[in-house]
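In the order they appear, the protein sequences are chains Y and V. Remember, the working numbering sits 395 above the position in the first sequence when you count from 1. Remember, the working numbering sits 810 above the position in the second sequence when you count from 1.
Hints listed in this document are in silico derivations from the structure and should not be mistaken for laboratory results. Where hints are given, some of them may not hold.
[Claimed, not checked] Computed cross-link-like contacts, PhoX-like style, restricted to lysine-lysine with a CA-CA straight-line distance of at most 25 Å: (1) Y:K632 with V:K870; (2) V:K1021 with V:K1078; (3) V:K1021 with Y:K632; (4) Y:K485 with Y:K523.
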Amino acid sequence: MTNRISGPLNGIRVLDLTHVWAGPLGVRILADLGAEVVKVERAIGRGPRAVAAQQIGGWIGGEPGDEPWNAHAVFVKLARNRRSVCLDLKSAEGRNVFLQLVGVTDVVIENFSARAMPAMGLDYVALKTANPNIIYVTAPGYGTYGPYCDWVAFGPSVEPMTGLTTVMGYSEDEPRSTAMALIDPIAATSAAAAVVTAVRRRREEGRGAYVEMSLHESGVSFHGPWLIEQQRGGPIKTLGNRHPQMAPHGIYRCAGDDDWIAIGCPDDATWQSLGDLIGFDPSLDLAARRLVEDDIDAGIENWTRSREKYAAAGELQDHNVPAGPVNTTPDMTDDPQTIEREFFVPYERFETPMPGNPIKMEGLSASDWTPCPSLGEHNREVLQEWLDYSDAEVDELVAAGLLADEPPA
Amino acid sequence: MDRILEIGGFAAGFCGRLFAQNGHEVLRVETASRPAWVSQESTDLFLHAGKQRITGVSTKLLSELAAQADIVVLEAECADEIDTYGFDSWDTPVKIAITPFGRTGPKKNWRATSNVLLAMGGYTNLMGDPGRAPLTLPGHYVEFQAGQFGYVAANACRIGGEPNVADIGMFECLMALSQFTTVQWHCSNRIRSRHGSDFWWVVPTNLFRCKDGWCYLNIVPTFWDAMTTFLDRPELVIDPRFESNDTRMDHRDELHAIIEAVLSDLSKERIRQRATESRIPLGVVQTFDEVLSDEHLAARAFWQTVQGEGDPVLSPSLAFRFDEEPRVSLALEEPQAGRVHD
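Excised from the complex, chain Y in its bound form (with noise of 0.2 Å):
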């Protein structure tokens, strides 16, 4: 067996040794375009065998069940398209193993910090030792040299450090985060990115890569605008929910509880329409709009209030004006346009639907889509498959405790 997910990546492997969130979620991406993703977990990389702690997403099912650490949540939504191999990498014979693997594959992926690989004897030397063709991909926090190499980082401390919160926020005394770890999924999406270039890369070059990422520059390399605007000597504020160059634009209360809608006014046929529908001159163009915006800001917030959010961005997006209710994710799910283009997907335990993947396309589908495997559940398989290990050879690592299907006791 090989692929069991298709799509154009068949016949790409991938070992993935990464962790938290934007590792994994990157190499989702590339999982569900068909990639051949083994996940090479410690056995502790879930948790403990007892329920230790609350979970920040909940358990699969509501439940923590017989396995908790198989249930937790969080690590199942990323984890899907791939098969599980739990090695223990500390021990020279898990990493000889390791380094059979690292021979018959395309790509390895990690996001630890910068001395664990090295630490480990995983360098990259030690990679193409094993395979000299190996497209490696290091994503620590700020990468494996320079001044903060050894900084610790997760998404929420790096976020600030690219500039991001000086821009975000009500008021230039008011910064706020994001608090939700946006780099993250930025250096994800950067990872998957780096992969394919470096698989075509190699095609064309015949040689593989050392390839070298961070959450840090993963963040400032989508602030390009802002950094050269800086240079230029462009104002840069924070503008609150406003846009330097539309207005309106904002988030404005609705009827209900806690209910908002988000508008924008991109242009002057849009502020016309929008003038139209509520009443406002519809010949002021963008700067006379400027100086009036907070009567503008009124008058709308004025019309939302008596209206429920769906209702009013419906009415708005009828005369074309840029609309939308503010979601939660039960509103996300039951949205018709999620539904009809079945986003969300119920493959994994308990019918738990999952957001699918953003590409469409032929050949690619959720119906053969794969859940989270359990903590080492195909260990003999991939071994058997990749390196023609016997049952005897495998069950000789299970016995010496370098292959795992559960937490240490």
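Guided by the hints, dock chain V onto chain Y, whose structure is given.
Relative to chain Y, chain V alone:
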């Protein structure tokens, strides 16, 4: 090397930027564009350096250009606008259509600015203070993420060697990149909401004012002991109020007050030093000037030079770097009227 035909706004522009920076030949057809978050010149310098650019392209010429391209990336304001280009009739091997809501579904022709998509995609509900208006995210996150998905899709198709057409909706890109928001609802029946800068579920994880600015702490449970060292308050390790994340959540305000008292007299530089010594996850709020002069980014040769009409400027390189290859310098070409590939 592929020939890329790029048409559209910031998503197509970011997708084309990735191709251009990776050595492909990108021809950008300029179209009417949504207002950018900064000046058009700065936006163009970031997105379009290293590309050929043309304006005033007829539908017929567009079709001819598409026939010469290996990949077309077309971004439009709605699904029906994609059709007006004749997109489906082009025989380019790989075609990527990017729209706010995708090419099918009851909202396929809904109009959206990025704040609308962030609201519908579940982000806005999580940002800002409780009891106040939620906050949108400034900048082009939505479009750049959609562009990055487009780039991945196009390259995957080229790797697979089969012609294909991708339909990418920005709304779905956002939802695909959601954090624990959706499973928290489906598995815990909790609707995630906004708590200012506080991550809420891990304490302390919040933005704190310091002597000359702000810093962000993200103390997941394994770093709590180190955090007490950072604060120079080692007795907090045995304080029952703070012995676990659950108890720290229960005594959030008391803990925040302790942290604020320590940080308020410290500079960002001193806080960073102490965080490094204590090995805790902490970042300081950097201005864009500080990012541009950041010693770490400089040591990693992160910046590339982009030349437009004025003085050259620094621009972020790609988020990934191969074999420590040198960063390239790029020039922004002026758009030409009706110019085609040689």
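**Asked** Quick one, are V:K1021 and V:K1078 close enough, alpha carbons at most 25 Å?
**Response** 7 Å, holds
**Request:** Would you check the hint for Y:K632 and V:K870, treating anything up to 25 Å between C-alpha atoms as holding?
**Result:** Violated. Y:K632 to V:K870 sits at ~43 Å, over the 25 Å cutoff.
**Item:** Pairwise hint evaluation, Y:K632 against V:K1021, where the allowed Cα distance is 25 Å at most
**Value:** It holds: about 21 Å lies between the C-alpha atoms, which stays within 25 Å.
**Item:** Hinted pair Y:K485 and Y:K523, Cα distance within 25 Å
**Value:** 19 Å, holds
Hint violations for this structure: number 1 only, all remaining hints satisfied.
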